[in-house]
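Q: Chain by chain, the residues:
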Amino acid sequence: MKTRRDFIKISSLGLGVATLSASKLNLFESLKSEEDHETEKLFRQPTYCEICFWKCAGWTYFNEKKKIIKVIGNDKDQHSNGRFCPRGTGGIGAYYDEDRLTKPLIREGKAGSQTFREASWDEAFTVIADKLKKIAAESGPENVALIKHGSAGDHFKTLFQAYGTGNISAPSYAQCRGPRVESFKLTFGEDPGSPEQTDIRDTKCLVLIGSHLGENMHNGQVQEMAMAIDKGASIITVDPRYSTVASKSKFWLPIKPATDMALLLAWINVLIEEELYDKQYVEDNTIGFEKLRHHVKRMTPEWAYGITTIKPDVIRKTAREMANAAPAVIVHPGRHVAWYGDDVQRSRAVGILNAILGSWGRKGGYFLREGISVPKFPIPKANKPRWNWKTALNGQFPLASQSPTNVIVEQSIKGNVDEKYRIRGWFVAGTNLPLTLPETDKFEKAVQDLDLFVAVDTMPMEVTGYADVVLPECTYLERYDTIRSSPHREPNIAVRVPAVEPLGDTKPASWMAKELAKKMGLGEFFPYEDYSEVLDWQLKKMGSSLDEMKRIGVKTFPRKTPIYFAEGEKYRFKTPSGKIELYSERMKQLGFSPLPEYTKHEEPPQGFYRLNYGRAPMHSFGRTSNNPNLTDLMSENFLWVNPKVASIWGLKSNQKVWLKNQDGIVSDFPIKVRITERIRWDSVYMVHGFGHNNKKLKRAFGNGANDSQMISKVLIDPIMGATGMRVNFVTFLKNDPA
Amino acid sequence: MVIDTLKCVGCSDCVVACQTENNVPIGYCRDWVVEAVNGTYPQLELEIRTERCNHCENSPCVRCCPTGASHIVEGGVVLVTHDECIGCGACIESCPYDARYQHPEGYVDKCTFCLHRVKDGLLPACVSVCPTRCMYFGDLEDPNSEVSKLLKKRDYKTLAPEAGTNPHIFYLI
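In order, the protein sequences belong to chains A and B. For the first sequence, our numbering gives the first residue as 1, with consecutive numbering after it. For the second sequence, our numbering gives the first residue as 1, with consecutive numbering after it.
Simulated from the structure, these hints should not be mistaken for laboratory data. A couple of the hints might just be wrong.
Using 35 Å as the maximum straight-line C-alpha spacing, the simulated DSBU-like pairs for lysine-lysine come out as follows [said to hold, decoys possible]:
no.	chain 1	residue 1	chain 2	residue 2
1	B	K119	A	K66
2	B	K152	A	K231
3	A	K185	A	K134
4	A	K317	B	K119
5	A	K652	B	K119
6	B	K152	A	K660
7	A	K41	B	K119
8	B	K119	A	K65
9	B	K153	A	K363
10	A	K317	B	K152
11	B	K119	A	K555
12	B	K157	A	K376
13	A	K644	B	K152
14	A	K250	A	K442
15	A	K250	B	K149
16	A	K652	B	K153
17	A	K550	B	K119
18	B	K157	A	K291
19	B	K153	A	K76
Here the structure is a predicted model, which means the values were calculated and not measured.
One chain only, chain A, in its complex shape:
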């Protein structure tokens, strides 16, 4: 199935070279699809990428000697459209990283000492199973938490549900997307999901609030943004930093940090006052519009100017730009939105803005996602836990639909909760908590109080240094995992099949969960020898098979429902009223403001600068900072400093400085200064995920600084418990404080 396109005969590009002739070059007549190209010695297996959460489907290519050659995208995949991002392309570095964990490790000596000895899997499992049984007997299985990120978590979730705990948590909720999940559920009755249902490729206007698309390499969205640019869409970027996408925007609004809410409310004001909103859509699909109109009456662009430093005429112009494009307009929900502690409310304002522009369910706005459910492999029903993290919260964070990891940390510290509800053991899979969580002091305190700490990872991360037992996982290129089924424009599934055998003594999480279950007497929950049996059973129920999926990697199913609303359709939203709730009765009942309000946030003290952080396209959190291929592209982070600030402090480019925050915390390592006009004078910026202090990460150790260490203060969102992290201020230390 070679796709033939109109291509080029390359002919004579070099005009000055007399010997050239076009006729010699009839070699290049057809252009094949990359993935159809298997040279005689290369083989391939399907996979989906695990380097970030976007989970792009692709192919792992390897040779006869089972050496992995490259990983590329699958043309049929809606997450990647056949093209991986740099992290996906560099994913082979995760396999080849010579610092990988290869043997189970057991701590020797007391907690906190970083001395481990190698152990057999059997011994490691025995230690874990005995401890888990002991905690279950003394307190209950509920007193153990599973903290997870990524595919490994799926298998351990089955294990810990069988064990009997409901304390299952992922930092991707309260440290990242959580506020957006709850605000969109309040407003539209559903979460925009992952990948988000943003119809960027057909939009006429894309509005980004602090979202740095292109630096956050959310593959499908970055691709669609480029398509939208090609088609002449306008982009409006709100960011105190001149981000990559700001440079591609028709309007860049260099907002004063922490004031986005005022801008959003002023935009709503303009759309209503100038009657630019979608009247029919609002009438057909929303409730609470009059209350909203009244609420934003005084929130004029002039009011917002004093707060945001964005000029009133720019606020009006950009509001009109959105209205002109409507309904093909997207005010992007963002991804990491745990910023200031009022994030659900800010996200609600984003939702409301979309609603009155009529973008939800419309082409170029938010399409309606459709997925396909994967049949559940038959296993016994687990006992319902008697209590979970919610019990001890006593009604705090009422809209937390998932467990905030910061709550699990709090509930693990002695004295914070009734001992009956204290978490005594952590099983951490695929998340490097010391770099992921703010408030490192609380993490360290909790760790001291734990009776068991198990860490599963492919790399010796900081988190593995704290664990009692370390279990070495093989990389995604060496294992089967659960079927990827993410709702999208078309329902689809993708599989992950190992290309090569696991390196050293590493194992897939599916095997670890099964073997540990056997040790704990829970073997009946894992009725298979190899996880491929589960996949084949599920796939056959779906009208496919593992054999078929090995050939195609991705399978797409026809939609059963329309992707957009029909003209004038009155859609039934999954909210209590069945409409988009501009005004939220639910919030009112819970004692929160039913319409978003602007709250003034603390400003940096003299000599301090707000610490903003973000992503680089070639790294995923801190998990890629030792990857040989990706480290070669970027080996450390830099501190972005405005030239005016640099001149006050006498800073030079590439000079190393240590950071000190408002609580007197000093960074473990120095960071090089990047003097750039691209940042405001009231804030500094750094890419997250560097400044590793685990010496076993030979390439990453001590490279750059760790922003999480500087985030010793958080503002917790009272609605669902997210940790607002952009509330820390730092200053520079030019000399080594040690």
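With the hints as your guide, set chain B onto chain A.
A: Just chain B now, kept in the frame of chain A:
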């Protein structure tokens, strides 16, 4: 090759794809990304572009090569025959684009437009992975090719035109 600077986000996927495709040792590269900032906050401009050998029609590297290792092949692609290269480095000095590097094995290396792939009907590795599809590869002599059409329709520039090399990489601006 035509590269749209309005779409490039500087992700460097082209760099890592080239390294894997062409066994470029870690620490070296045949292509790279440049970011050029102009102005003062908040009146700013930023151009991001991926750079590599420009496969110049008038190539100083070929002219100064004492052994003939650097040469131009069919299609106008500038190549280095590794066996004939003595690693003198004259070409590295002569290139206004800094496109060449000394391979640890002694010879000089650089972008080949992935001629081995192109001969098989594939795009160069960098073009084939680019998430923003900001790179176009094709026949500049064919007025109906995508690259020719883009150059007709859009404003473009070449790098270091003053060097008189007649480069074959065009940047849409």
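Q: Hints first: check each against the structure and report whether it holds.
A: Hints versus structure:
no. : hint            : in the structure
1   : B:K119 / A:K66  : holds (26 Å)
2   : B:K152 / A:K231 : holds (17 Å)
3   : A:K185 / A:K134 : violated (40 Å)
4   : A:K317 / B:K119 : violated (51 Å)
5   : A:K652 / B:K119 : violated (49 Å)
6   : B:K152 / A:K660 : violated (54 Å)
7   : A:K41 / B:K119  : holds (17 Å)
8   : B:K119 / A:K65  : holds (26 Å)
9   : B:K153 / A:K363 : holds (28 Å)
10  : A:K317 / B:K152 : holds (33 Å)
11  : B:K119 / A:K555 : holds (31 Å)
12  : B:K157 / A:K376 : violated (57 Å)
13  : A:K644 / B:K152 : violated (43 Å)
14  : A:K250 / A:K442 : violated (44 Å)
15  : A:K250 / B:K149 : holds (25 Å)
16  : A:K652 / B:K153 : violated (43 Å)
17  : A:K550 / B:K119 : holds (29 Å)
18  : B:K157 / A:K291 : violated (54 Å)
19  : B:K153 / A:K76  : holds (31 Å)
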